[in-house]
Amino acid sequence: MRTDQLLKKTMPVRNWAEKYTQIRNQSIEICRPLEIEDYVVQPIVDVSPPKWHLGHTTWFFETFILKPNFPGYEVFDSQYNFVFNSYYETVGARVIRTDRGNLSRPSVSDVYRYRDYVDEKMIEFLQGDYLTESLQSLLELGLNHEQQHQELLLTDIKYILGHNPLFPAYKNDLISPSIKINTSEFISFSEGVYEIGFQGEGFCFDNELGRHKVYLNDFEMASQLVTNREYLEFIEANGYQDFRYWHAEGWDWVKQNETKSPLYWHFIDGKWMNYTLNGLQEINLDEPLCHINFFEASAFASWKEMRLPTEAEWEVASDHFDWGKRWEWTNSAYLPYPGFKKEAGAVGEYNGKFMVNQTVLRGASVATPIGHSRNTYRNFFSTHLQWQFTGIRLAK
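Numbers 1 to 396, taken from this note's numbering, label the letters of the sequence shown in order.
Derived from the structure by calculation, the hints contain no laboratory data. Misleading hints may appear alongside valid ones.
[Said to hold, decoys possible] Derived PhoX-like pairs: lysine-lysine, alpha-carbon spacing no greater than 20 Å straight-line:
#1 Lys341 to Lys353
#2 Lys67 to Lys121
#3 Lys260 to Lys304
#4 Lys304 to Lys396
#5 Lys121 to Lys19
#6 Lys260 to Lys271
#7 Lys341 to Lys213
#8 Lys342 to Lys353
[Unchecked claim] What follows is a list of derived Cβ distance ranges for each label pair:
#9 Gln199 to Pro33: 38 to 44 Å
#10 Gly192 to Glu37: 25 to 31 Å
#11 Ser107 to Asn25: 18 to 24 Å
#12 Asp110 to Tyr215: 51 to 57 Å
#13 Glu37 to Thr132: 39 to 45 Å
If you're wondering where the values come from, they're calculated on a predicted model, not measured in any experiment. Where is the CB? At the ideal position from N, CA and C, for every residue including glycine.
Kindly produce the complete structure, drawing on both the sequences and the hints.
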């Protein structure tokens, strides 16, 4: 299903040390085009500086694998637990999220030395006789955690550069995947009892577990994502000026922010322009819409006299259409599956504590690393957020 990605495809791995090295190196490759000044910018609370991402993912391996399990391990810097802890109350105090952009120190070079130090120790650890079965699960969680931050890195870098008045390109020779949406049709599904949730071998996050039955009424799902052309019709029909299409909270968001278009769209000299990782370009009308929040997705669906799918409908239908170009908003609140149980300790803080006031997105995006997507993957964000690579698939 995944055919279009910004992240490079990696070769199959033969062992844990090789897999660790490949995934860790990908984070470095994402940051390679950056200037040193780009590493420390935090325009809004939801965007973390690239330097912080590099340090935080390194902290994860040091804190949860090396410190408790590698005899004789010495931490690189005792202050880094405070600097790079994200939200783990179990692990101790931390820099609050809004202050990550104030961290002029440690320097970028310090963070890279930190990565090198931890990577060297991790390779020693993985080549030794320390990796028990339970630690393998923790290591795999850490590698998937790094891949999550690789997607966030690209997303945050785009926001940082896209809000620079000069609209600099992330990478001048970046070859972005060419995505053209064909004519969309609706695929019909009969009412009945279906099963959703992860099953089988391989990795998944704890929020995907608890495969269970759901009853669905008859429904139809669009075979294609909504395009820029379709959304432009909504804009030109004064969709952002008509309260009838919006949730009350969404309408408040429109008025408070004076929103008139998706994130990164700019009306310049009579043309709609779009900031991309290649810089500012005229909008490609045939590409799938990107960077819209739940409010916008719901308003567009209402204007079309349709709706967003539930996450159960999306998963049931996912084998019948192409997905992976955009994270797709659903109409489902992010809640635990039947039987969900948080793990003991810090790992138990990974997903369960966020199961309130969040909306589920399904699929993957062009920024999702290869091998990091499943049709059971439950991404989640607050309804007002636009900065992720999000789009719309309609249902009725």
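Each hint tested on the structure:
1. Restraint check: the Cα-Cα separation between lysine 341 and lysine 353 comes to about 11 Å, which is no more than 20 Å; the hinted pair holds.
2. Note on lysine 67 and lysine 121: the hinted pairing holds, with a Cα-Cα distance of about 11 Å set against a maximum of 20 Å.
3. The straight-line distance between the Cα atoms of lysine 260 and lysine 304 is roughly 18 Å, inside the 20 Å bound, and the hint therefore holds.
4. Taken as a hint, the lysine 304 and lysine 396 pair is honoured in the structure, with Cα atoms around 10 Å apart against an allowance of 20 Å.
5. A threshold of 20 Å between alpha carbons decides the hint, and for lysine 121 with lysine 19 the separation of about 15 Å falls inside it, so the pair holds.
6. Proposed proximity of lysine 260 and lysine 271 is supported: the alpha carbons are some 14 Å apart, at most 20 Å.
7. The suggested pairing of lysine 341 with lysine 213 holds, with an alpha-carbon distance near 18 Å, which does not exceed 20 Å.
8. At most 20 Å may separate the alpha-carbon atoms for a hinted pair to count; lysine 342 and lysine 353 meet this at roughly 9 Å.
9. Remark: the range hint 38 to 44 Å for glutamine 199 to proline 33 is upheld by a beta-carbon distance near 40 Å.
10. Remark: the range hint 25 to 31 Å for glycine 192 to glutamate 37 is contradicted by a beta-carbon distance near 56 Å.
11. At roughly 21 Å, the beta-carbon separation of serine 107 and asparagine 25 lies within the given 18 to 24 Å, and the hint holds.
12. At roughly 55 Å, the beta carbons of aspartate 110 and tyrosine 215 sit within the given window of 51 to 57 Å.
13. Against the hinted window of 39 to 45 Å, the Cβ-Cβ separation of glutamate 37 and threonine 132 comes to about 43 Å, which satisfies the hint.
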